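> Chains A, B, C and D, in that order, are what the protein sequence lines are. Per the numbering used here, the very first residue in the first sequence carries number 2; after that it's consecutive. Per the numbering used here, the very first residue in the second sequence carries number 2; after that it's consecutive. Per the numbering used here, the very first residue in the third sequence carries number 1240; after that it's consecutive. Per the numbering used here, the very first residue in the fourth sequence carries number 1240; after that it's consecutive.
What the hints contain is simulated information worked out from the structure, not anything from laboratory work. Bear in mind that the values here come from a model prediction, so they are computed numbers and not experimental data. Check the hints yourself; a few may be wrong.
As the list claims (entries may be wrong) - With a Cα cut of at most 20 Å, we get these calculated EDC-like pairs of lysine to aspartate or glutamate:
#1 B:K191 to C:E1284
#2 A:K268 to B:E294
#3 C:K1379 to A:D28
#4 A:K191 to D:E1284
#5 B:K330 to A:E294
Said to hold, decoys possible - Covered, in the sense of this in silico footprint (three residues per stretch, anywhere, with C-beta under 8 Å from a C-beta of chain D), are these stretches of chain B:
#6 68 to 76
#7 322 to 329
From the three backbone atoms N, C-alpha and C, an ideal C-beta is built for every residue, glycine too.
Residue-level listing of the chains:
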Amino acid sequence: MSTATGTRRVTTAKAMAEGIGLEMQRDPNVFVMGEDVGAYGGIFGSTTDLFGEFGADRVIDTPISETGFIGAGIGAAVEGLRPVVELMFVDFYGVCMDQISNHMAKIHYESGGNVKVPMVLMTATGAGYSDAAQHSQSLWGTFAHLPGMKVVVPSNPYDAKGLMISAIQDDNPVLYMFHKGAQGLVWMEKNPRSIGEVPEESYTVPIGKAAVAREGTDVTIVTLSLSVQHSLDVAEELEGEGISVEIVDLRSLVPLDTETVLESVGKTGRVLVVDEDYKSFGLTGEIAAIIAENDPGMLKKPFRRVAMPDVPIPYARPLEYGVLPTRDKIKAAVKDLMA
Amino acid sequence: MSTATGTRRVTTAKAMAEGIGLEMQRDPNVFVMGEDVGAYGGIFGSTTDLFGEFGADRVIDTPISETGFIGAGIGAAVEGLRPVVELMFVDFYGVCMDQISNHMAKIHYESGGNVKVPMVLMTATGAGYSDAAQHSQSLWGTFAHLPGMKVVVPSNPYDAKGLMISAIQDDNPVLYMFHKGAQGLVWMEKNPRSIGEVPEESYTVPIGKAAVAREGTDVTIVTLSLSVQHSLDVAEELEGEGISVEIVDLRSLVPLDTETVLESVGKTGRVLVVDEDYKSFGLTGEIAAIIAENDPGMLKKPFRRVAMPDVPIPYARPLEYGVLPTRDKIKAAVKDLMA
Amino acid sequence: MGELDRLAMYQQMVRIRQYESRIMQEYHADKSPAWDIGAGLIPGEMHLAAGQEPAAVGVCAHLKKGDAITAPHRPHHFALAHRVDMNKMTAEIYGRTTGLCKGKGGHMHLFDPENHFSCSGIIAQGLPVACGQAMAFQRKGTDHVAVAVTGEGAANQGAFHESLNLAAVWNLPVIFVIEDNDWAISVPKDASTAGASNADRAAGYGMPGVRVEDNDVEAVYEAAGAAIDRARAGDGPSLIEIHTLRLFGHFEGDAQAYRPELETVNERDPIPQYAAALQELGVLSEDQIASIQADADAEVDAAIEFAKSSPEPAPEDALLHVFA
Amino acid sequence: MGELDRLAMYQQMVRIRQYESRIMQEYHADKSPAWDIGAGLIPGEMHLAAGQEPAAVGVCAHLKKGDAITAPHRPHHFALAHRVDMNKMTAEIYGRTTGLCKGKGGHMHLFDPENHFSCSGIIAQGLPVACGQAMAFQRKGTDHVAVAVTGEGAANQGAFHESLNLAAVWNLPVIFVIEDNDWAISVPKDASTAGASNADRAAGYGMPGVRVEDNDVEAVYEAAGAAIDRARAGDGPSLIEIHTLRLFGHFEGDAQAYRPELETVNERDPIPQYAAALQELGVLSEDQIASIQADADAEVDAAIEFAKSSPEPAPEDALLHVFA
Ligand SMILES: Cc1ncc(C[n+]2csc(CCOP(=O)(O)OP(=O)(O)O)c2C)c(N)n1
Ligand SMILES: Cc1ncc(C[n+]2csc(CCOP(=O)(O)OP(=O)(O)O)c2C)c(N)n1
Ligand SMILES: [Mg+2]
Ligand SMILES: [Mg+2]
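The task is simple: from the sequences and hints, build the whole structure.
Encoded structure:
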């Protein structure tokens, strides 16, 4: 077990991989499998350096058979191992969704609590670099809708490491959704917030607790993942214009920290949900429901959302940025709420 | 083309099959495929008598290869045929979701509008007869969240036939989700509303238009599918207790008729969403968002939802009815809204 | 194969048959006059494996405690042959708190971690899970094996291909068992399956594939023994396709109007055939037949009694066990 | 095969190679110094097929107008060999309104209904779609065929199995073409594929399976001709696995550190080899080599020019074309 202390600035990708590595050191039952997680280090860097440290026996490249190897992860977990399995892009869920939603997520319940499935399924999400309709989705709303799996969505290096360690230690299946654009990859445009201070030692970030990423009094932005970074940028800009924005970084969708959301909305009375997932029938609606169930009178202004409109994600940059929840759109929506 | 007129009382299943049959008569490009749609007539009766009328060439039993035959449906549609494909239970979506969400739903958009996919994917939904976690889901929220396919969910025989004909005539992929418990099957407990008057001739019910299934002034129930039948029962009971319930039967989720919802809520100021799909991150939230975006002040009382709690669906009857949106739960929620 | 092995296999087949027959009776008992799938002491879909006993019994005869099975929607015969407790299993089918899964799973979702038994209502999806169990056995350095069972219809599902390939590439101790009962609900094998036999498909993965042509428990026993020994020895996966018989409908309530060979079904029943063979061999007497049947009757009756007298869960228990 | 066929195939290979090489240049041109995948005139992932020309050219030489192809994430060579308009395709890759898909699809989602060409970024999922196109051709009574292309890595995906089985059961006019370039991103074939060759897997579906061992356009031509004739004659599907070569990285930006045989890659380039063979045969002169290259250069330059000078879509156009 690592006993090192101190922090350094690392990327989100590196922080994730470090979290996995620390758990692999601690527990011999932890292993990693997925496509190109070995020598390649994960297409989005989520397993950087693990192959070198732990070898091919614990960092396993798989055939392109997502149903096969996610199912194998479930079987291994049922037998007491603790697999960390990567689905390269969340967009590929459709070739293996039965294993995820009918097996990984349901076995514990179906067994009346007698069988545990301590497994992490990590997957890359998000758009912004013209990867088009089949490689750019967020889809966390899809998974959060389905019972039986925890869903975490970190926005920065510190949370990425701490949530990964929590996820591996959790006795439940945890879907860990990271944003390609927040990984801090050298080959992708990045927000400086994708590199941050991260302790060297092991620590956990609790699953099910949102973070107030920034305090403010006028408007609450409820958001997650890369949109937290954008929202923080916008909040800094708007501070100069005299608008005080509070930002709730949900971090977990299942369980959802409704308390933190309601507390913030109670304070500001104005709420904007920023979501890179599709707008309808997803996260943005759920936040609206939580508020309206509690007390619609909390809202001084109509509820607002800046989300991916209900269109497949287009390829060409002007089209893609036409639908993405950009800083400009977030800013305009906040100003509108203050008008 | 049928020129018969007059109505008779038929089951929802029969009405669906009739809709398909009329379109098959009209257009030789229409054909049906799926598991046990032939001699068996569809496990839930959706293709009753079609095999006898049209033969094995137009009513095709497939291997248990949902990715294979749904993909084949897409390919056939792209080449100008109009397949009606059955996915036996919606719960099996996970073995073929890539074809549905990444291909069927996206090809038209990805092609810049140059390729059309005029296909109907029909599938059985719903619980209530102890079929447990993998055969009882509704999941319409999952599909409505994903762009590119229309989603229709009839609640009665008349709409079942008219929406089927509209779906087959539509140039877009349409997901047609019918409730097993609303089919009027002889071997399942049924609400008398699952048998109803249906014209013999061809007619359409527009996709994207909700119906006010019952007018009322005190409370709006927004709902769909079998829950419409339950809600109508409850409304009749509550009439005696002096509570006037309006029921909006959504019928289509994509496109969603927000106007009819807002109009009704504007009138009553009290809203209950009844949904057999999982509660969180789905339909119930979307309705809340639509209202809160429009004007949270429309709500005189906090928003209410009676939905499947976020648990896999249990087997034993007391457990299953413990989570289902039953008449009792609907009634209690309405009374609560009036308290 | 000794006399005792033969008797034990016969006895196990009779026990399973008695179970399936009694469940059939119980299932229908309180669903009339207006037959309602959701009504009665045993609600929901019910897929019985009568006629397929040789497959389960011939395979499981080689399994020891700690070996795993993933079964499909038609699971009872493999469960019983693999030591799953009959009382707890029955209580689960009756939806009682004493059931294997406290009434949450039901007949298609029986989980017995003690015996590493599970099943699933989604066809072919137990195959990848068995690969993972085998992976765990391999990583732990044991000689345990995992058996993945599926129907011939289900063998046309993508998961079949992915699992066979994965098992072969990783040399996993898995035995893929295909029960070919000629039918997938109403669709006959030749309308759904290209190629003569799934056993032939094994070659494409460099894996031994055997087809057991007749529904004979001893032939299954031989084929399974070789495959299981191979897996235990670290020599990797195998596939066995067993030509068997669906004696009842696909599920209870299935009128089987689509089934031309329905009339001959009883003649093909493997249990009287095996009894006759054992009598011929002088291994089984009429008295033994009667006493084996009587034991089976008593055991099954007791299990049903246990189930019926067990408490039903409370509605609010539905909210438990979502997360550990 | 006549002289003209050979020259046409050579010419087509050179044309494709020039295309892939120029796209590579263009792709990288404006991504430096801080290399950013989303930046530049051509953003996003870019999978080039240099080295794999023999597969596309040998197969497509037999296709006629109205035949269909579903290609995977690495589609350019099949698109160009199957008459997809180079200008419109290039404009699509540049994300312009004049593109095949008005800029909505991009390099992995090229749709050309006129030529029944499509591709998809989800591996192996074009196979079922090709089956459906073949089904339509069959139902309409034409002799058209559908070609489904996939990599050797993708052949371990469930959709492969379902599609082969479906095509065989329904006797569909489909040709499954597997480009075995030894690698699936960083994973070599032997770490992912059980069995010697995907061609052997065809037997499990009662379907002819052929492996073309060397990356030779004429060998591909022969194998494809037989399979396509068979399909047109109504005799059903076939599978062809072609051992080919990934000359570049998996996608642009791939440093290929995992690749031990990287050094020998250029020696294995099929185009100089074919040129030499044709020169040997006396079919191709140095002058012809130069003029074929010059034509290719000109055509590709013109396509790039067309793309670059075409308008970009307006952001609000993103909301169009969700529904017909
Ligand atoms: C993925 C999936 N598709 C369809 C079904 C519905 N279904 C249940 S059993 C069955 C037939 C299975 O046939 P086979 O595999 O031969 O097993 P048998 O019933 O004959 O034992 C079907 C189609 C399912 N459960 N899962
Ligand atoms: C279902 C699915 N899983 C994974 C991927 C990611 N992916 C894209 S290409 C590729 C490798 C494909 O290898 P192969 O089929 O051999 O084709 P090649 O790239 O060598 O041409 C992978 C894993 C994908 N696109 N779709
Ligand atoms: Mg069968
Ligand atoms: Mg390859």
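> Decide, hint by hint, whether the structure agrees.
Status of each hint after checking the structure:
Taking the CA atoms of K191 of chain B and E1284 of chain C, the gap is about 17 Å. The hint holds against a cut of 20 Å. Between K268 of chain A and E294 of chain B, the direct Cα distance comes to roughly 19 Å. Compliance with the 20 Å bound is thereby established for this hinted pair. Straight-line distance between C-alpha atoms of K1379 of chain C and D28 of chain A comes to about 14 Å, which keeps the hinted pair within the 20 Å bound. Among the hinted pairs, K191 of chain A with E1284 of chain D is consistent with the structure: their alpha-carbon atoms are about 17 Å apart, no more than 20 Å.
Our distance criterion of 20 Å between C-alpha atoms is met by K330 of chain B and E294 of chain A, whose separation comes to about 16 Å. Requiring three or more residues with a Cβ within less than 8 Å of a Cβ of chain D, the coverage given for the stretch 68 to 76 of chain B holds, as 9 such residues are present. Remark: the stretch 322 to 329 of chain B is not confirmed as covered by chain D, as 0 of its residues place a Cβ nearer than 8 Å to a Cβ of that chain, below the required three.
Of the hints listed earlier, the one the structure fails to meet is number 7.
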